[in-house]
Amino acid sequence: MHELSIAQSIVDSAREHAALNGGRRVLRIGVRIGEISGVAVDALEFCFGLTVKDTDLDGAALELEHVPVRYRCGACTHEFHPVEFLADCPSCGSSGASMVAGDELGMSFLELE
Amino acid sequence: MTERVEVREGVLKENDRIALELRERLAASGTLCLNLISSPGAGKTSILEGTLEALRPTPLRIAVLTGDIQTERDADRLKRYGFPALQITTGGTCHLDASMVKRSFATLPPDALDILFIENVGNLVCPASYDLGEDAKVVVLSVTEGDDKPLKYPGIFRRARLMLLHKIDLLPHTRFSRDAAVADARRVNPGIEVVETSCLAEPGLGAWLRWIDGQLAIKRGAGRPARG
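Top line first, the protein sequences correspond to chains A and B. Each residue of the first sequence is one higher than the last, beginning at 1 in our numbering. Each residue of the second sequence is one higher than the last, beginning at 1 in our numbering.
No lab work stands behind these hints: they were computed from the structure. Quick caveat: nothing in here was measured; it's all calculated off a predicted structure. Note that the Cβ used here is the ideal one computed from N, Cα and C, for glycine as well.
Cut-off 25 Å, straight-line C-alpha distance, at most; resulting in silico cross-link-like pairs (SDA-like, lysine to any residue):
1) Lys13(B) - Ala61(A)
2) Lys219(B) - Glu53(B)
3) Lys152(B) - Glu45(A)
4) Lys152(B) - Ile168(B)
5) Lys53(A) - Gly92(B)
6) Lys79(B) - Thr58(B)
7) Lys102(B) - Leu4(A)
8) Lys13(B) - Asp103(A)
9) Lys152(B) - Asp42(A)
10) Lys13(B) - Gln8(A)
11) Lys13(B) - Leu57(A)
12) Lys152(B) - Val69(A)
13) Lys152(B) - Arg32(A)
14) Lys152(B) - Glu84(A)
15) Lys13(B) - Asp42(A)
16) Lys219(B) - Ala207(B)
17) Lys219(B) - Leu20(B)
18) Lys13(B) - Arg15(A)
19) Lys13(B) - His17(A)
Here are a few chain B residues that face chain A, going by a calculated C-beta distance under 10 Å:
20) Thr2
21) Glu3
22) Arg4
23) Val5
24) Glu6
25) Val7
26) Arg8
27) Leu12
28) Glu14
29) Asp97
30) Val125
31) Ala128
32) Ser129
33) Pro150
34) Gly155
35) Ile156
Okay, chain A solo, but in the shape it has when bound:
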């Protein structure tokens, strides 16, 4: 349960970027959450609500973009969602694929009034 501290970090970042953009009201915050980032989406949404309540960000929406694990084949560059992290490329059969997405936990955008 580290979602409360993650919610606080999201709010801090949103506030900082809103201030850099003329201090406008934040309407929506976009965050990318990788499949193996270890973040529980329901808990994060709950904690975000608690964190912004009765603050300048009260009412801002949190838009979470789920980023599935994606592998890229080293031989043929085909990208695919692996089954249980198996690196075997479904296109060419080589086994040298590596993870290119799925472990991120990043800010994506802000929608400002």
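We have chain A; now place chain B onto it with these hints.
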């Protein structure tokens, strides 16, 4: 009129900033920093006790920061080996973050260290997200936990440089498959190194101590493991 502003940065950038500060400070003093992560009860504290006992006769300067939700018990256990050991009591938080480590590190004696061990809060999920300025995360998987953990908790196995297969002496009494555990850990992290350990029986902690020795040599820029 609403405007959309792209923000491309990590959510935990403040943690990452403090971690970078710690990493630079540890680099300046040539200190190897290892962050041990496992489930509760996997054996982190016992491994550290055995490690400190083995390294006590060496000239290495060592300190330990140990995180738990409650109690000073781990620090009390680890202090018996003559090295500074500080407890970080998180009071409920399920992981250590860089600011906790920075505060605790600041209260250590100011002497330069060769090794700083950080024992994280027992948890295979949350600690994986937080950079503490370490050179390497070390994940401890004890054989009594089951060989399915690397695929169930891929985040930590992906970020760890080393996996300790611990309590390996109990292997004959479990259904744990070391081949499956290693193969699965390498699915999520092809570069992960694996060392087998036991605090109570053969093979002991020798391979782990040699791994540390190798990391120390790399940290000091020697490029090859020291003898001894």
